[in-house]
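Asks: If you read the sequences in order, they're chains A and B. For the first sequence, my numbering puts the final residue at 577, and the numbers step up evenly by one. For the second sequence, my numbering puts the final residue at 73, and the numbers step up evenly by one.
The set of hints was computed from the structure by calculation and includes no laboratory data. Keep in mind that a hint or two might mislead.
Here are the computed distance ranges between Cβ atoms for each label pair [what the hints assert, rightly or not]: (1) A:Glu299 to B:Gln52: 41 to 47 Å; (2) A:Ala428 to B:Ile57: 40 to 46 Å; (3) B:Val20 to A:Lys21: 20 to 26 Å; (4) A:Lys35 to B:Glu71: 42 to 48 Å; (5) A:Ser562 to B:Ile57: 55 to 61 Å; (6) A:Asp502 to B:Lys37: 27 to 33 Å; (7) B:Glu71 to A:Arg495: 36 to 42 Å.
Bear in mind the structure is a predicted one, so any value in this text is a computation, not a measurement. For each residue, glycine too, the CB sits at the ideal point set by N, CA and C.
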Amino acid sequence: MRPYFEKMADFGTALKKGKIKRGEGNESLIKEVEKKIAAAAEGIKQLGLSEEKVNARGEMTIWQRLNYLVEPGTWHPLHTLFNPLDNEEGTTNVVDGIGRISGKWAVIIGFDNKVMAGAWLSGQSENILRVTDMAKRLNVPLVWLVNCSGAKLSEQHKFYANRRGAGTPFYRHAQLNQMGIPVLAAIFGTNPAGGGYQAISPTVLFAHKNCNIAVGGAGIVSGMAPKGGFDTESVEELIENTRKIKSNPPGSARVHYDQTGFFRYIYDKEEEVLDGLKNYMRTIPAYDPEFFRVAAPAEPKFAEDELYTLLPIDQKKVYDFDEVLARLVDSSEHMEFRPDYGPEIYTGLCKVDGYLVACIGNRQGYLGKDYPEYADYPGMGGKLYRQGMLKMNEFVILCARDRIPIIWFQDTSGIDVGDEAEKAELLAIGQSLIYSIESSDVPQMLVLLRKGSAAAHYLMGGPQGNTTNAFSIGTAAIEVYVMHGETAAVAMYARRLIKEKDSQKPLKPVIAKMNKIVSDYKEFSRPQYCAQVGYVDEIVDLGSLRRYMAAFSACVYQNPKSICPQHQMVLPRIIKG
Amino acid sequence: MQQQMVAPMLGKVIQVNFSVGDRVEEDDEAMVIEAMKMETPIFVPCDGVVGQINVKIGDNVEEDDVLAVIETE
Chain A
1 MRPYFEKMAD FGTALKKGKI KRGEGNESLI KEVEKKIAAA AEGIKQLGLS EEKVNARGEM
61 TIWQRLNYLV EPGTWHPLHT LFNPLDNEEG TTNVVDGIGR ISGKWAVIIG FDNKVMAGAW
121 LSGQSENILR VTDMAKRLNV PLVWLVNCSG AKLSEQHKFY ANRRGAGTPF YRHAQLNQMG
181 IPVLAAIFGT NPAGGGYQAI SPTVLFAHKN CNIAVGGAGI VSGMAPKGGF DTESVEELIE
241 NTRKIKSNPP GSARVHYDQT GFFRYIYDKE EEVLDGLKNY MRTIPAYDPE FFRVAAPAEP
301 KFAEDELYTL LPIDQKKVYD FDEVLARLVD SSEHMEFRPD YGPEIYTGLC KVDGYLVACI
361 GNRQGYLGKD YPEYADYPGM GGKLYRQGML KMNEFVILCA RDRIPIIWFQ DTSGIDVGDE
421 AEKAELLAIG QSLIYSIESS DVPQMLVLLR KGSAAAHYLM GGPQGNTTNA FSIGTAAIEV
481 YVMHGETAAV AMYARRLIKE KDSQKPLKPV IAKMNKIVSD YKEFSRPQYC AQVGYVDEIV
541 DLGSLRRYMA AFSACVYQNP KSICPQHQMV LPRIIKG
Chain B
1 MQQQMVAPML GKVIQVNFSV GDRVEEDDEA MVIEAMKMET PIFVPCDGVV GQINVKIGDN
61 VEEDDVLAVI ETE
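Start from the sequences, fold in the hints, and give me the full structure.
Replies: Structure below.
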């Protein structure tokens, strides 16, 4: 298949003078948002105890551990701003991302031992489940840096129980193990109760000599018999008991290395624990990249920084999606699938770091005469029509057949509406696309370029595809909502306005309510909010989108569960005709 | 020589960036047409001088209407 992939068709054009000039304002607006996001991320990194204080106790911080463990330049943070229940700590207290250890890609997660010694906080289990699901979808190891003091007891009601509560990750670890996906755990510090299960549920345990893991911590052992309350006598007794137990907390490293043997390894220094992980990662099954690459890796012909000129942050402005994609894929080359059909959608095969990936994206702007073919109104990119949705269905089905991972690029205002659209079967074709994606079983990634709106956000590879979408990233230009705020205000208040008008009541109170809806929609759709509640897994600078695409591709091709021999692929041949 | 700038679609003119007699370059943004909640820029097709502008802000235009004429040298 070398003739198909080594040299594909060129696409994209150099930026013209006028375009560069027009893009200057856009670049500074996007960079301003990116700066705010970076500042918020840095704030989260600095939460809790200082590095000096943690080091003075003889421990490394989570960030020092990650720096030591992960190969330089390969860390791709995710869920940095994720704090869905808006807890007062400002973090779910786990730090995670994708990175390479000893030449192998892994999903990596660790407790932030600077904040309440890595306690369970509200929102944390949802964060962990996203991470375990990512390891499952990408079929790469999950590496844990366990350092968990157990539940923040004053808020246990927010996270302890429930279907996706703090115990669910232990089932996920079991599931990963049963699927043959190893979970490696380096264990530091004190890990009682929940922390103990965080430590015991992985596959191989690497312990630091000062760590402990236990069913219950010293605090629980010393005060376990409820007496209906506390008085002076009972707290005196508690003090005495606690003094005794504090000097000898249960589940020391010696107990679990010498006696139970839960710990496979024990090390004197924290760095040695991490070296142990590195050694194990060397033994993880992984194909040499050359096994799956279809061509030598190559940078795009056009600079990725030009995306700041090309992607307008102003949602009303149209742009050329093909030019955006040309700045993200190897050599700015592609094989477009059905270019003469469904003009609102791009579908094509591209290369990222030499790996074959399928790309799907919304084209923007006027779609030309006589489209959509079923209606007499003009079609506008960003919207989905019959042909585009049928094309995506066909493309996804063929990608599934050829085992090609899919990267979605979303900037969609929704699916065409009205009776003509209903007659054109758009409702069912949209759900058919969801069916096609769900049955594909190929890993997928979403790059939310700008707008994610209406059902189109779901069916274009959205994170709602829990079993197919590995992760989603968004740019500083994103907006996510069921519909535009003004459209929502009209839907909610148009009839009310008529009623007030007819009864000669003042319109101003209704107008105020409508404007409140508009401002709420704006507030609850901005990038930082989207990242906080998890609409996307990370906001990524435009200049780093390709890095994440490359990490995704490398993970997918590291140890895929199923393979289509390149010479037996049909999609490239269908494209060629 | 003359080159016409035509409306690619029906819509409302919401921005006109040049006056008659202005020197323009290929790919300068000449106008913006709003349709279906989106703003579509109309670019100058060639280097030259604006010889004629047939629309003003607020005008509704039909597909293929001639919006302006550029005189080339």
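Asks: Are A:Ala428 and B:Ile57 spaced within 40 to 46 Å by their CB atoms?
Replies: holds, 43 Å
Asks: Can you let me know if the beta-carbon spacing of A:Ser562 and B:Ile57 is within 55 to 61 Å?
Replies: Given a distance of about 58 Å, which is inside 55 to 61 Å, the answer is holds.
Asks: Could one say that the CB atoms of B:Glu71 and A:Arg495 fall in the range 36 to 42 Å?
Replies: violated, 54 Å
Asks: Range first: 27 to 33 Å. Now tell me if the beta carbons of A:Asp502 and B:Lys37 are that far apart.
Replies: holds, 29 Å
Asks: Falls inside 20 to 26 Å, the C-beta gap from B:Val20 to A:Lys21?
Replies: Roughly 22 Å apart at Cβ, these two residues keep to the hinted range, so it holds.
Asks: Could you say whether the range 41 to 47 Å given as a hint is met by the Cβ separation of A:Glu299 and B:Gln52?
Replies: holds, 45 Å
Asks: Could one say that the CB atoms of A:Lys35 and B:Glu71 fall in the range 42 to 48 Å?
Replies: Given about 45 Å between the Cβ atoms, the range holds.
In terms of the numbered hints stated before, the structure departs from hint 7 and from no other.
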